[in-house]
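Going by our numbering, the sequence shown opens with residue 4, and the numbers climb by one from there.
Restraint ranges, calculated between C-beta atoms of paired labels, are given here:
1) N127 x D200: 36 to 42 Å
2) P105 x E292: 34 to 40 Å
3) G142 x D39: 22 to 28 Å
FYI, nobody ran anything at the bench for these hints, they're computed from the structure. Cβ coordinates follow ideal geometry from the N, Cα and C atoms, glycine included.
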Amino acid sequence: MRVRFWGVRGALATTEAGAQGVGGNTPCVEVRDERDNLVVLDAGIGLYWLGRSLLAGPHGRGKGAVTVLLSHTHWDHIQGFPFFVPAYIAGNQLSIWGGVTPHLEDILEGQLNPTYSPIVSLANMGATIRVNQLEEQEGDIVVGDLRIRHARLHNGSHDCVGYRLEEGGRSLCYMAEVQHEGGVLDPAAVELARGADILIHEAYFTDEELARGGREGLAGPSAPGSQGHSSYGQATELALAAGARRLYYFYHHPDRGDAEVEALVARQRARVAAAGAALELDAAREGTEVRI
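Can you build the whole structure from these sequences, using the hints too?
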């Protein structure tokens, strides 16, 4: 299994020069099995750049297939979809999966409404596009050699979906957003990540920000607390509780520059070392490629 990060930011893209070591695009992660079958986790702005990279291969000739797994339909997780160039090339096959939000196809159609977009409809995109609701799926999703299962995760007033991809005894768990309400780890999240070789887990807040009620949201400290998000410390706690081998902190706050991210990761490494745990950890960075 091969993994590449194309977008790692939360809420909105970041263009600040001091944040480009980590990267500024919203969530998108490429996963391929050993036979090169392609699965994409979330469709943030990173999806545009992934799509451009695909044009040199079968997707540029109308002979490609891609499966997109959406965690939920908040804007930062779908805003790259209208700019995914392979979706405009006839012959390509695009399968989109999502859950917890009813009427997924209607939501994607609404995003292309002429009020927002000149595309108007999925029917105008060229590729064959199938939109699927996870609630209607019996058993795991299978893409090539990848077996995919999912879990419904707490996310403030709206739930979202976490995914686990397995191939040949290796596993990747993806949790773009998750709230551990009251500081108690979401049991569904722990179970989904159990023994994962790689865990990608949201780290939107620092532990201190979360303790203050998540008031370092986009609207500033006078706004209501930002619900539905978790912290670096909680990501570490979940990885340890689940027995994951490697943790990537993901969904970085748009105001957080490279230096701050690196300092927060170093702090968690010290914590893990002090506990005598074997967990490896790092920040998710755009362009990072990992083989499991």
